[in-house]
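> Chains as they are written, first to last, in our numbering: chain R, 1 to 285; chain X, 1 to 347; chain P, 1 to 260.
In short, the hints are calculated from the structure, not lab data. Heads up, a few of these hints could be off.
Derived list of chain R stretches under chain P, where covered just means 3 residues or more per stretch with a C-beta under 8 Å from a C-beta of chain P [stated by the list, open to error]:
(1) 179–191
(2) 202–211
Examples of chain X residues toward chain R, derived with CB under 7 Å [unchecked claim]:
(3) Phe-136
(4) Leu-138
(5) Ile-304
Label pairs and their calculated CB-CB ranges [stated by the list, open to error]:
(6) R:Gly-88 - X:Arg-121: 46 to 56 Å
(7) P:Glu-27 - X:Arg-121: 54 to 64 Å
(8) P:Pro-134 - R:Leu-77: 26 to 36 Å
Small disclaimer: the values here were computed from a predicted structure and weren't measured. Glycine included, each C-beta is placed from N, C-alpha and C at the ideal position.
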Amino acid sequence: MKAVFLDGIVLGLQMGLLGVGLTLIYGLGGVLNLSHGQFAVLGAIVMARVLQHGASLWMAVPLGLLAAAAVAVLSDLTIMQPVYRLRGEARVLLGLLLMLGVGTIIDGYLEWKYPIEALNIRISGDPISIIGVPMRVGSLVASAIALAAGAALFVFLRYTTFGRATRSIIEDEEGARLCGINPALVRTLIFGLSGALAGLVAVSRAMTSPVISTAGVELTILALIVAVVGGLGSVSGAFVAGVLLGIVNTVSAFYIGTYITTIVLLAAAALTIVFRPAGILGRRA
Amino acid sequence: MSGISTQSTSASRALELFGAYSPIALTAALLALVPLRYSDSRTMMTVIIIGMVFAAYTIAFNIILGSTGQLFLCTGALAGIGGFTSAILTSKHGWPFIPSIVLGTLLASAIGGLLSWVAVRRSLDAIFTGVVTLAFSLSYENLVLGRKDLTGGENGLRVKAAADTILTTRVAPYYVFLGLVVVYLVLYRLIERSHVGWAFRSLRDDEVAAELSGVNVTRYRVYAGLIGSAMLGLAGALFAHNREFIAPTTFAFGAVDVRVLVMLVFGGIGSMLGPVIGAVALTIVDEALVDFAQLRIMLYGIVIVVLFLGFRRGVVPSVAALRERLTHLGRRSTPAAVKPPGSTPRS
Amino acid sequence: MAESAAMGSQSASGAATPHSPAAADPEALLRVESLSSGYLGEDVVLDVNLTVAAGEAVAVIGSNGAGKTTLLKTICGLIPTTAGETRFGSRRLTGLGAHRVARLGVAFVPAERHLFNTMSVEENLALGAYPHRPDPETLDSVFELFPRLGERRGQHAGTMSGGEQQMLAVGRALMSRPRLLILDEPTTGLAPVLASEAYATLGRLRGEGLTVLVAEQHVPLALSLADRAYVLDHGRVDLEGSSAELADNPEVRRAYLGIS
Numbered sequence: 001m002k003a004v005f006l007d008g009i010v011l012g013l014q015m016g017l018l019g020v021g022l023t024l025i026y027g028l029g030g031v032l033n034l035s036h037g038q039f040a041v042l043g044a045i046v047m048a049r050v051l052q053h054g055a056s057l058w059m060a061v062p063l064g065l066l067a068a069a070a071v072a073v074l075s076d077l078t079i080m081q082p083v084y085r086l087r088g089e090a091r092v093l094l095g096l097l098l099m100l101g102v103g104t105i106i107d108g109y110l111e112w113k114y115p116i117e118a119l120n121i122r123i124s125g126d127p128i129s130i131i132g133v134p135m136r137v138g139s140l141v142a143s144a145i146a147l148a149a150g151a152a153l154f155v156f157l158r159y160t161t162f163g164r165a166t167r168s169i170i171e172d173e174e175g176a177r178l179c180g181i182n183p184a185l186v187r188t189l190i191f192g193l194s195g196a197l198a199g200l201v202a203v204s205r206a207m208t209s210p211v212i213s214t215a216g217v218e219l220t221i222l223a224l225i226v227a228v229v230g231g232l233g234s235v236s237g238a239f240v241a242g243v244l245l246g247i248v249n250t251v252s253a254f255y256i257g258t259y260i261t262t263i264v265l266l267a268a269a270a271l272t273i274v275f276r277p278a279g280i281l282g283r284r285a
Numbered sequence: 001m002s003g004i005s006t007q008s009t010s011a012s013r014a015l016e017l018f019g020a021y022s023p024i025a026l027t028a029a030l031l032a033l034v035p036l037r038y039s040d041s042r043t044m045m046t047v048i049i050i051g052m053v054f055a056a057y058t059i060a061f062n063i064i065l066g067s068t069g070q071l072f073l074c075t076g077a078l079a080g081i082g083g084f085t086s087a088i089l090t091s092k093h094g095w096p097f098i099p100s101i102v103l104g105t106l107l108a109s110a111i112g113g114l115l116s117w118v119a120v121r122r123s124l125d126a127i128f129t130g131v132v133t134l135a136f137s138l139s140y141e142n143l144v145l146g147r148k149d150l151t152g153g154e155n156g157l158r159v160k161a162a163a164d165t166i167l168t169t170r171v172a173p174y175y176v177f178l179g180l181v182v183v184y185l186v187l188y189r190l191i192e193r194s195h196v197g198w199a200f201r202s203l204r205d206d207e208v209a210a211e212l213s214g215v216n217v218t219r220y221r222v223y224a225g226l227i228g229s230a231m232l233g234l235a236g237a238l239f240a241h242n243r244e245f246i247a248p249t250t251f252a253f254g255a256v257d258v259r260v261l262v263m264l265v266f267g268g269i270g271s272m273l274g275p276v277i278g279a280v281a282l283t284i285v286d287e288a289l290v291d292f293a294q295l296r297i298m299l300y301g302i303v304i305v306v307l308f309l310g311f312r313r314g315v316v317p318s319v320a321a322l323r324e325r326l327t328h329l330g331r332r333s334t335p336a337a338v339k340p341p342g343s344t345p346r347s
Numbered sequence: 001m002a003e004s005a006a007m008g009s010q011s012a013s014g015a016a017t018p019h020s021p022a023a024a025d026p027e028a029l030l031r032v033e034s035l036s037s038g039y040l041g042e043d044v045v046l047d048v049n050l051t052v053a054a055g056e057a058v059a060v061i062g063s064n065g066a067g068k069t070t071l072l073k074t075i076c077g078l079i080p081t082t083a084g085e086t087r088f089g090s091r092r093l094t095g096l097g098a099h100r101v102a103r104l105g106v107a108f109v110p111a112e113r114h115l116f117n118t119m120s121v122e123e124n125l126a127l128g129a130y131p132h133r134p135d136p137e138t139l140d141s142v143f144e145l146f147p148r149l150g151e152r153r154g155q156h157a158g159t160m161s162g163g164e165q166q167m168l169a170v171g172r173a174l175m176s177r178p179r180l181l182i183l184d185e186p187t188t189g190l191a192p193v194l195a196s197e198a199y200a201t202l203g204r205l206r207g208e209g210l211t212v213l214v215a216e217q218h219v220p221l222a223l224s225l226a227d228r229a230y231v232l233d234h235g236r237v238d239l240e241g242s243s244a245e246l247a248d249n250p251e252v253r254r255a256y257l258g259i260s
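Build the full structure now, drawing on both the sequences and the hints.
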């Protein structure tokens with residue numbers, strides 16, 4: 001049971017990081033990025049290709065993150081521009097449909113070029129005992145990466161000027177503009193950051209299980225569920241929701257079967273929407 | 001236009017009905033001719049049968065997205081619920097054909113209605129609809145893959161019940177699915193002309209105004225979810241018996257949802273014949289690109305982006321503009337303007 | 001017209017004045033010329049001329065819906081201009097985004113305040129200084145002006161009272177060390193005592209040499225602060241003149257001061 005719980009935390013940290021990237025984009029511009037998981041997979045496949053050419057992890061990972069960030073920035077600067085000129089429901093609907101299209105393009109490209117490619121990162125070393133449970137080094141490094149990224153994001157958002165500016169736009173875009181903050185610029189940069197975070201999720205995940213080229217849709221859906229349960233636009237909510245859902249996920253998989261986990265997650269999202277639409281940490285009713 | 005309808009009410013009513021339903025009859029007649037060319041090729045018959053199945057899916061999706069603006073990203077999963085339910089009941093539990101199809105349809109309908117109900121009760125419903133329906137798609141897929149005892153998992157499931165019916169012959173199934181498409185189109189038109197259709201239109205044009213004028217937005221969206229999902233489930237169930245073999249890929253997100261979305265957007269969201277036009281067009285394009293099958297999904301993605309970028313004014317107003325354009329086209333070819341009974345004229 | 005343009009006092013006599021007397025003044029800090037703007041293709045502000053000289057306090061008065069808010073938001077770049085232009089010193093503001101206008105030294109305090117509710121007082125103030133380096137002296141001066149904010153620096157903006165939120169909104173605007181402070185209905189939702197207090201604070205800022213442009217429905221308060229005022233009616237400048245003149249104008253007295 002303790003082992004299942006710890007595995008849940010390992011998975012949950014990854015899910016949290018996945019949800020954070022999605023929630024940031026939503027908070028800033030009202031765009032539900034339905035290609036978030038595909039950005040992660042794209043980064044993973046770039047890393048896998050670079051590794052196959054004999055490069056080290058220290059070379060492959062930055063390139064993969066860069067690729068994911070670049071595609072994200074490109075999406076923001078091109079097809080998202082007409083979206084930002086819209087307001088309300090029309091913006092939301094057009095934004096998510098266009099990102100669905102982008103995700104489909106990435107999916108199709110990967111399926112065409114690299115149908116059986118996968119990123120698998122093995123970290124060697126003897127298992128380390130955590131509260132009496134032997135944990136694989138890969139899982140621990142993966143968790144450390146997710147935790148470090150989460151902590152870095154926390155510091156960035158809370159203590160740096162640019163991070164505060166980001167939060168201020170999520171909170172009140174007009175107020176931010178009156179403070180001299182350029183929302184378009186922040187959005188573009190955070191889109192890039194979100195892409196890189198997606199790539200980082202792929203790195204972290206690849207240390208526990210292979211990231212295959214067709215995993216995009218599934219990762220996107222996981223990110224969506226985490227973001228909704230955490231409250232759309234809430235970074236801390238996404239992290240907390242990710243960890244909780246990770247635990248729920250592994251526990252239900254252990255006691256019932258893997259097939260039930262998404263149904264449990266779907267139920268969690270549905271219950272959140274019905275009873276706490278602002279998310280588990282949400283203040284607004 | 002109103003002057004001619006005053007003389008004889010029954011004559012003008014007949015004319016109006018003719019105007020409303022003749023496009024369906026014309027479409028059916030044209031589509032009925034297609035097998036004349038392909039009836040000797042089993043491969044081509046399969047292609048056009050699948051084309052008809054997708055036309056049926058897309059009409060159902062049009063009732064949900066086009067009429068009430070709910071982006072259901074689980075058309076494949078709902079069809080799959082119908083297909084797998086019916087197939088499991090007949091193949092594993094010895095149920096007869098018809099009851100299994102009815103149950104599959106009802107189950108899909110109930111799930112679709114529930115998803116609607118969850119998502120539309122709050123603001124942000126476009127987001128929540130997308131999230132719950134996508135999550136449902138993944139749940140469905142994992143369930144099919146996970147419950148190998150029922151679904152055969154990745155190996156798929158042999159469907160036995162319809163082995164001796166016309167559903168497994170070469171040409172006849174095409175007409176079965178064409179019949180289904182015609183029924184769906186008539187249903188679409190009936191809904192459009194009823195008070196439900198009037199409510200759909202008013203909440204699509206301006207949800208807030210609709211709510212203020214007493215239209216229960218939630219209820220009508222759930223209606224659309226229930227009806228559209230039942231149509232998806234029924235089409236999926238019939239398709240399963242036609243294929244005689246179903247696997248997770250038969251109703252997969254990548255295989256169904258993306259195609260249906262492209263077909264609908266291509267044909268015209270919120271127009272009656274748009275789904276059929278889109279399905280026919282995409283079937284032709286797919287056949288032309290049969291040697292580049294791997295490129296197809298990427299192409300779909302590009303089409304989605306390009307089509308929606310074309311609607312710079314936003315999806316919702318574009319839908320209205322598109323509908324306007326299509327009704328104008330319709331008016332030119334049919335003598336009587338179609339107005340729903342009991343509704344105030346809207347422009 | 002040339003004669004009337006020579007003296008501001010005459011324009012307050014009742015006739016609408018298409019050319020403001022100060023429009024010809026090249027020294028004006030803010031110069032709005034023949035400005036029109038609105039929403040969804042319908043202009044709410046029509047052909048407005050307005051100037052604010054450096055060190056001056058100017059009020060825009062008028063009833064609800066006269067176009068005051070639209071005028072101020074257009075100046076700040078929150079609403080696009082349909083005709084005319086706005087200049088700030090030697091710079092053209094028209095066509096710049098709101099964030100660029102803010103960076104040029106025009107701070108706007110909207111009636112709805114647009115504070116960052118889940119962020120602390122300190123964070124709100126720090127964001128006010130976004131275009132510059134963090135500046136402890138300005139922060140001290142804001143805390144000196146509003147001791148209340150200093151006491152509550154860790155509190156979330158959303159949990160504060162209306163009066164405190166108003167202080168924070170002004171404080172955040174001051175953090176950018178603006179050359180021009182624009183306020184839209186600063187007394188919205190404030191009890192009369194707090195409203196007077198708010199104007200006392202604005203008077204103090206004015207005394208320190210800050211240029212102020214304020215839109216106000218509460219005309220006596222506005223005229224108590226301003227050197228000059230413009231009366232906006234249905235999007236047009238109906239009257240303008242010194243505060244004293246306007247306070248004596250029978251039309252203003254009847255329509256806005258409740259004295260007949």
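> A separate judgement is required for each hint: does it hold in the structure or not?
Status of the hints after comparison with the structure:
Under the rule that three or more residues need a Cβ within less than 8 Å of chain P, the assignment of the stretch 179–191 of chain R holds, with 5 such residues. Given as covered by chain P, the stretch 202–211 of chain R fails the check, having 0 residues with a CB less than 8 Å from a CB of that chain where 3 are the minimum. Hint status for X:Phe-136 relative to chain R: holds, with the closest Cβ pair at about 6 Å, below 7 Å. A hinted interface residue such as X:Leu-138 counts as satisfied when its beta carbon comes closer than 7 Å to some beta carbon of chain R; here the least separation is about 5 Å, so the hint holds.
For X:Ile-304, the interface hint holds, the least distance from its beta-carbon to any beta-carbon of chain R being 3 Å, beneath 7 Å. For the pair R:Gly-88 and X:Arg-121, the beta carbons lie near 18 Å from each other, so the given range of 46 to 56 Å is not met. Distance hint for P:Glu-27 and X:Arg-121: a CB-CB separation of about 60 Å, consistent with the stated range 54 to 64 Å. The hint said 26 to 36 Å for the Cβ distance between P:Pro-134 and R:Leu-77, and at roughly 30 Å that hint holds.
Violation of the numbered hints given earlier is confined to hints 2, 6; the remaining hints are satisfied by the structure.
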